[in-house]
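Protein chains: 2
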Amino acid sequence: MEAHEKGYFTEENSVEVVTGRNANAKSERLKEVMSVITLKLHEAVKQIEPTQEEWMEAILFLTRTGGMCNEWRQEFILLSDVLGVSMLVDAINNRKPSGASESTVLGPFHVADAPELPMGANICLDSKGEDMVISGRILDIEGNPIKNAVIDVWQANDEGFYDVQQKGLQPDFNLRGIFRTGGDGSYWFRAVKPKYYPIPDDGPVGQLLAQLGRHPYRPAHLHYIISADGFETLTTHIFDPDDPYIHSDAVFGVKESLLAKFRLTEDQARARQLEFSGKFWEVNHDFVLAYKRQV
Amino acid sequence: MEAHEKGYFTEENSVEVVTGRNANAKSERLKEVMSVITLKLHEAVKQIEPTQEEWMEAILFLTRTGGMCNEWRQEFILLSDVLGVSMLVDAINNRKPSGASESTVLGPFHVADAPELPMGANICLDSKGEDMVISGRILDIEGNPIKNAVIDVWQANDEGFYDVQQKGLQPDFNLRGIFRTGGDGSYWFRAVKPKYYPIPDDGPVGQLLAQLGRHPYRPAHLHYIISADGFETLTTHIFDPDDPYIHSDAVFGVKESLLAKFRLTEDQARARQLEFSGKFWEVNHDFVLAYKRQV
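Top line first, the protein sequences correspond to chains U and G. In terms of the UniProt record's numbering, the first sequence opens at residue 1 and continues consecutively. In terms of the UniProt record's numbering, the second sequence opens at residue 1 and continues consecutively.
Treat the hints as calculated values from the structure; they're not laboratory data. Wrong hints could be hidden among the right ones.
Since the list gives no way to pick one copy over another, a pair counts as held whenever it fits inside one copy or between any two copies.
Distance condition first, Cα-Cα at most 20 angstroms in a straight line; then the derived EDC-like pairs of lysine to aspartate or glutamate [to be verified]:
(1) Lys-195 with Glu-54
(2) Lys-147 with Glu-71
(3) Lys-279 with Glu-12
(4) Lys-261 with Asp-242
(5) Lys-31 with Glu-16
(6) Lys-147 with Glu-28
(7) Lys-292 with Glu-275
(8) Lys-46 with Glu-28
(9) Lys-96 with Glu-12
(10) Lys-31 with Glu-43
(11) Lys-167 with Glu-71
(12) Lys-46 with Glu-102
(13) Lys-96 with Glu-71
(14) Lys-193 with Asp-286
(15) Lys-31 with Glu-49
(16) Lys-26 with Asp-202
(17) Lys-26 with Glu-54
(18) Lys-195 with Glu-159
(19) Lys-31 with Glu-57
(20) Lys-96 with Glu-11
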């Protein structure tokens, strides 16, 4: 018997010995996943050649990351975000046909039960920030309007905070709403211009970013989940292309096709019509949904 | 500008975009380590193509692993152990010259302040288990005896528990001792035959092992740390080759060269001489230390 047949571990056969133990795994998928994880983990260790002290540093980093997690804070998701893993999983699971709008990360601030509002409603409930009107159409890939599309939208305020981060300071459901398209597939609502904000950076992930010389900011954006019968649900953002962090989103959520145009308008007549008091921002962005894949 | 120059993330350029952010890392080593980790992590995700649900399962597994850690329990080290990472790091850091004894993992049960004992002492303080006498020599790679070598030895009892796991049930420092060689480099002491035991398997790592169809057992062994001036310190085990788990150590610690011979002896005269009451186990194992590397 050779050493590896006896199950004895060496630097050379490490992957085969470890994955060889999984012959009786309860699921083929788990066996496959653990094969890849073991291979890539051992490849990384062999390339890095960590000292015992560096290995212990990694153990303690993961331990601190776990210690930071609670009902309100998911530090492992943050870690996945800043390493580009969340965006990669999103990309793999949302390969769209040509012409369909691209997805991006859901993020941690979606709430399930936002109110359904009439088209044109102002989702800003506390009048703070610079007025903004957003409009566009929900289309299929042939350019036909989609009727009864449900648009779930949410955003941070002009200080970079979501309502759920400032309970008591912002009204409940501030800057959230659900809209439903009519026969022409169009939507519009009023809001305030969002601002860039940092991901929570007072934990191990924030410390890692600092060590890597990286900032924790996400460029200003609005979140959308758009769903309609017969179509793939689209979870995405639109971004302000003039944001200082547009080329360095801490969680890699920006895609070229998600850049909207934020135009500053001084049209007094339209401002009055929209019940705005002066200058306001105007955004127009269409979304194209892909047909549901046959399962 | 191409998309990747703007820092926009795609499935294809994911690694370059993420590692490209580390240009201003505070340490070249951290930058290098994170390059490898990012590359291997993205390679793994691209090969596995996890669903969003599987990704969340992984996040929650790491979160539970973190939640299991406390002053007495290090679940991330256990995870590193059962994935062969701890042994791999040990192997990388302890490449020995030909002829020197091989190392294996330290394990979590070493204590710093075990008593120094005279050669021949019985480290079993509660008379439980099958008597055993262990002897051998500490040698350099030319076969010369090493004088003043310090041998720190510890082991589980015949039920598979270390003293620190059974405070109050076992005497303090049961089955631990430190011995120092004389001019002939030889050592001997009395103990009891150790037994296989499970790694702590009541947490997420134990659940993973169960899902993988793996048992949590380590084959019976004695731990040694052997140090001497001018030599590399050797952290290792000797194993009972007849143990039922010798080919499937849950943490991959077994190496061919670490198999000792455990012989059952019925020599009544020697038993009396050793103050044993009947049959006893006899183990003879030499250790060869490597000269300290020049730094």
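How the hints compare with the structure:
With identical chains, the CA atoms of Lys-195 and Glu-54 are never at most 20 angstroms apart, being 38 angstroms at best within one copy and 32 angstroms at best between copies. Taking the shortest alpha-carbon separations for Lys-147 and Glu-71, neither the intra-copy value of 38 angstroms nor the inter-copy value of 58 angstroms comes in at or below 20 angstroms. Taking the shortest Cα distances, Lys-279 and Glu-12 never come within 20 angstroms of each other, neither inside one copy (68 angstroms) nor across copies (41 angstroms). For the homomeric pair Lys-261 and Asp-242, the shortest alpha-carbon distance inside one copy (9 angstroms) is at most 20 angstroms, but the shortest distance between copies (73 angstroms) is not.
For the identical chains of this complex, Lys-31 and Glu-16 are intra-copy neighbours only, at 13 angstroms inside a copy versus 29 angstroms across copies, given an alpha-carbon limit of 20 angstroms. In this assembly of identical chains, Lys-147 and Glu-28 lie within 20 angstroms of each other by CA distance neither inside one copy nor across copies; the values are 42 angstroms within and 55 angstroms between. Proximity of Lys-292 and Glu-275 under a CA criterion of 20 angstroms is satisfied in neither setting, with 39 angstroms inside one chain copy and 81 angstroms between copies. Taking identical chains as interchangeable, the C-alpha atoms of Lys-46 and Glu-28 lie at most 20 angstroms apart only when they sit on different chains, with a minimum of 18 angstroms there against 27 angstroms within one chain.
In this homomeric assembly, Lys-96 and Glu-12 come within 20 angstroms of each other (Cα to Cα) only across copies, at 15 angstroms, whereas the closest approach inside a single copy is 41 angstroms. Taking the shortest alpha-carbon separations for Lys-31 and Glu-43, both the intra-copy value of 18 angstroms and the inter-copy value of 17 angstroms come in at or below 20 angstroms. Only within a single protomer do Lys-167 and Glu-71 lie at most 20 angstroms apart by alpha-carbon distance; the minimum there is 16 angstroms, versus 35 angstroms between protomers. Within a single copy, Lys-46 and Glu-102 get their C-alpha atoms only as close as 37 angstroms, which misses the 20 angstroms cut-off; across copies the closest is 19 angstroms, which meets it.
In the homo-oligomer, the alpha carbons of Lys-96 and Glu-71 never lie at most 20 angstroms apart, since the shortest distance is 33 angstroms inside one protomer and 48 angstroms across protomers. Taking identical chains as interchangeable, the C-alpha atoms of Lys-193 and Asp-286 lie at most 20 angstroms apart only when both belong to the same chain, with a minimum of 18 angstroms there against 75 angstroms between chains. In this assembly of identical chains, the alpha carbons of Lys-31 and Glu-49 lie at most 20 angstroms apart only when taken from different copies (14 angstroms versus 26 angstroms within one copy). Only between protomers do Lys-26 and Asp-202 lie at most 20 angstroms apart by alpha-carbon distance; the minimum there is 18 angstroms, versus 39 angstroms within a single protomer.
Within a single copy, Lys-26 and Glu-54 get their C-alpha atoms only as close as 34 angstroms, which misses the 20 angstroms cut-off; across copies the closest is 16 angstroms, which meets it. For the identical chains of this complex, Lys-195 and Glu-159 are intra-copy neighbours only, at 6 angstroms inside a copy versus 63 angstroms across copies, given an alpha-carbon limit of 20 angstroms. Within a single copy, Lys-31 and Glu-57 get their C-alpha atoms only as close as 29 angstroms, which misses the 20 angstroms cut-off; across copies the closest is 15 angstroms, which meets it. For the identical chains of this complex, Lys-96 and Glu-11 are inter-copy neighbours only, at 12 angstroms across copies versus 42 angstroms inside a copy, given an alpha-carbon limit of 20 angstroms.
The structure is inconsistent with the numbered hints 1, 2, 3, 6, 7, 13, although it conforms to all the rest.
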